[in-house]
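So the sequences go chain by chain: A and B.
Heads up: the first sequence at position 289 corresponds to 289 in our numbering, and the numbers run straight through without jumps.
Heads up: the second sequence at position 167 corresponds to 167 in our numbering, and the numbers run straight through without jumps.
Each hint should be verified, as a subset may be incorrect.
[Said to hold, decoys possible] Derived Cβ-Cβ restraints for the label pairs, each shown as a range: (1) N25/B x D282/A: 58 to 64 Å; (2) D118/A x N34/B: 33 to 39 Å; (3) R77/B x G279/A: 38 to 44 Å; (4) A293/A x G120/B: 38 to 44 Å; (5) D118/A x E99/B: 26 to 32 Å; (6) G232/A x E99/B: 45 to 51 Å; (7) G120/B x E135/A: 54 to 60 Å; (8) N359/A x Q52/B: 47 to 53 Å; (9) P358/A x L149/B: 40 to 46 Å; (10) D118/A x N25/B: 45 to 51 Å.
Rather than coming from a laboratory, the hints here were simulated on the basis of the structure.
Note that the Cβ used here is the ideal one computed from N, Cα and C, for glycine as well.
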Amino acid sequence: MAELAEVAKSTRAWACYDCGKCTATCPIARAGANYSPRRHVLATNLGQRETVLENGSLFTCLTCGLCDRRCPAQVGYTALVQRLRQISFREGVQPECPHGGALQSLMRMMAAGGTRQDRLEWLSDDLETQPEHGEVFYWTGCTMYYDAFFTDFSVRTLGATRAAVRLMNRLGVTPVVSADERCCGHDLLWNGDRNNFELLAKHNVRLVADSGASLLVVSCAECLRTWKVDYGPFFEGRPPRIVHITEWLGERLGGLTFRRNGARRVTFQDPCRLGRHLGMYDPPRDLLAALPAVELVEMPRAKAAAMCCAGGTWSNCDRFAKQIQVERLREARATGAQVLLTACPKCQIHFRCAMKDPNLASEIEIEMQDVTELVAGEIGE
Amino acid sequence: MTTRAPRPKRPRRRPPLATVPASWNPSLVVFACNWCSYAGADTAGVSRIQQQPFFRMIRVMCSGRIQPGFVLRAFERGADGVLVSGCHFGDCHYVSGNERAVALFEKTMRVVGMLGLEQGRLRLEWISAAEGARFAQVINEFTDQVRALGPSPFARRAPEPGAPAVPAPAAVASAGG
Numbered sequence: 001m002a003e004l005a006e007v008a009k010s011t012r013a014w015a016c017y018d019c020g021k022c023t024a025t026c027p028i029a030r031a032g033a034n035y036s037p038r039r040h041v042l043a044t045n046l047g048q049r050e051t052v053l054e055n056g057s058l059f060t061c062l063t064c065g066l067c068d069r070r071c072p073a074q075v076g077y078t079a080l081v082q083r084l085r086q087i088s089f090r091e092g093v094q095p096e097c098p099h100g101g102a103l104q105s106l107m108r109m110m111a112a113g114g115t116r117q118d119r120l121e122w123l124s125d126d127l128e129t130q131p132e133h134g135e136v137f138y139w140t141g142c143t144m145y146y147d148a149f150f151t152d153f154s155v156r157t158l159g160a161t162r163a164a165v166r167l168m169n170r171l172g173v174t175p176v177v178s179a180d181e182r183c184c185g186h187d188l189l190w191n192g193d194r195n196n197f198e199l200l201a202k203h204n205v206r207l208v209a210d211s212g213a214s215l216l217v218v219s220c221a222e223c224l225r226t227w228k229v230d231y232g233p234f235f236e237g238r239p240p241r242i243v244h245i246t247e248w249l250g251e252r253l254g255g256l257t258f259r260r261n262g263a264r265r266v267t268f269q270d271p272c273r274l275g276r277h278l279g280m281y282d283p284p285r286d287l288l289a290a291l292p293a294v295e296l297v298e299m300p301r302a303k304a305a306a307m308c309c310a311g312g313t314w315s316n317c318d319r320f321a322k323q324i325q326v327e328r329l330r331e332a333r334a335t336g337a338q339v340l341l342t343a344c345p346k347c348q349i350h351f352r353c354a355m356k357d358p359n360l361a362s363e364i365e366i367e368m369q370d371v372t373e374l375v376a377g378e379i380g381e
Numbered sequence: 001m002t003t004r005a006p007r008p009k010r011p012r013r014r015p016p017l018a019t020v021p022a023s024w025n026p027s028l029v030v031f032a033c034n035w036c037s038y039a040g041a042d043t044a045g046v047s048r049i050q051q052q053p054f055f056r057m058i059r060v061m062c063s064g065r066i067q068p069g070f071v072l073r074a075f076e077r078g079a080d081g082v083l084v085s086g087c088h089f090g091d092c093h094y095v096s097g098n099e100r101a102v103a104l105f106e107k108t109m110r111v112v113g114m115l116g117l118e119q120g121r122l123r124l125e126w127i128s129a130a131e132g133a134r135f136a137q138v139i140n141e142f143t144d145q146v147r148a149l150g151p152s153p154f155a156r157r158a159p160e161p162g163a164p165a166v167p168a169p170a171a172v173a174s175a176g177g
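Use the sequences and the hints to build the structure in full.
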């Protein structure tokens with residue numbers, strides 16, 4: 001198949017020498033799932049379309065990128081999966097979406113557009129923002145939807161969104177926060193739904209371009225990856241500078257003073273999108289290092305070796321994912337940290353879900369916060 | 001900062017209400033629990049109670065099964081309104097399934113509102129197996145309510161006359177080779 005050959009070429013799948021490191025590394029395979037990245041790489045190289053699309057097994061991949069790091073031949077398995085899923089989706093082999101497909105429906109409705117979203121309810125009076133035009137655009141992501149949807153395990157992802165605006169205000173910036181922002185399309189893209197992703201991408205790129213912003217500050221790790229990598233072809237003219245909130249705050253530490261009392265130990269979960277996908281391991285750590293009252297203890301598997309929250313694209317939730325989450329939470333607890341920090345709302349959602357397990361809760365429960373939220377709480381006079 | 005030429009206004013997906021023909025009728029999806037509401041609809045039918053016929057019923061075993069994904073899917077696929085119905089409190093065949101239905105419904109309502117759909121397009125009702133007249137009344141009321149709101153922004157409009165037919169999606173079986 002010419003198409004598979006092209007995919008093999010553009011993702012370096014052809015370089016595979018069948019060592020099997022990817023399958024040995026894969027968190028899902030290690031947890032016991034009948035899943036093999038190597039099989040997909042080989043099948044792609046051999047043009048075996050049926051094997052690639054078989055059982056929708058492509059949608060088992062967490063797209064965490066751990067195998068990309070370990071591959072001695074630099075095969076881009078994550079990129080391969082993204083491409084193959086598009087083929088699969090087109091052929092009608094689609095993921096079995098968790099949460100009854102509610103989130104995918106939301107995303108596709110946002111892609112269709114035509115409604116005026118009521119997504120800024122969380123903006124309290126003390127937060128200063130601009131509705132349309134400004135120099136700095138703050139990309140909120142879908143945290144307001146998550147908080148409304150995941151009420152069962154007290155998800156508070158909006159905390160980070162509010163904290164980000166508060167910190168920006170404190171640094172003298174009044175960001176644009178738009179009610180017309182739509183889902184970045186990350187999950188649709190990784191589910192293989194290219195068409196709807198493109199609708200969202202075009203809308204969002206135009207929205208930010210129309211605001212006149214030269215800087216785009218993003219909180220969510222997945223939105224950031226989408227903006228930085230996947231939106232590439234959609235920019236017309238000069239794209240804005242795109243930074244993660246931790247990066248942006250790190251550049252402006254001089255303008256903030258932090259409290260010195262009440263020491264806390266924290267540990268940090270590298271979101272796969274921020275870490276392995278974008279190579280941004282240091283910005284959140286640098287920011288934490290600047291907080292006098294916060295001590296960061298690393299988990300044994302950190303940075304490039306970090307374990308994924310096992311729920312990246314709303315397409316894979318099963319007992320293997322649960323096992324990965326429980327294992328990771330045990331690791332976090334073992335560091336003796338009081339708070340598990342992350343920089344992606346999904347890490348928070350998935351770990352909080354795992355903590356709900358009545359049999360294991362006492363062993364794995366740990367307070368979770370977004371880095372931005374912690375930083376905002378550390379501001380002192 | 002460079003000045004940009006004003007971009008042309010994108011056409012609204014939703015036709016202005018003035019262009020909605022007077023004969024327009026909404027498409028409604030009604031989720032009904034097996035034990036009460038579905039039987040209530042049956043009672044309405046066998047009693048020959050007149051009701052507006054613009055709804056499709058989906059029977060589920062319990063209203064507690066109707067998770068946000070079902071409702072959102074209905075809207076995504078073009079439903080103009082969605083009615084969720086179950087047994088009265090205390091009458092649930094599974095004791096407390098309808099209490100769960102309330103929790104799920106509230107969550108759905110919040111998300112639907114956030115998305116910008118009118119909240120009048122979504123409704124929760126308790127209808128027992130004996131309440132045939134009430135079933136018909138709820139359906140009539142809800143149909144009128146949604147008709148007043150007009151077509152959903154996500155409703156697929158009928159193709160223009162003379163427009164090329166939409167090609168059928170490729171069959172999965174032809175995927176090989």
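Of all the hints given earlier, name the ones this structure violates by number, lowest first. 4, 7, 10
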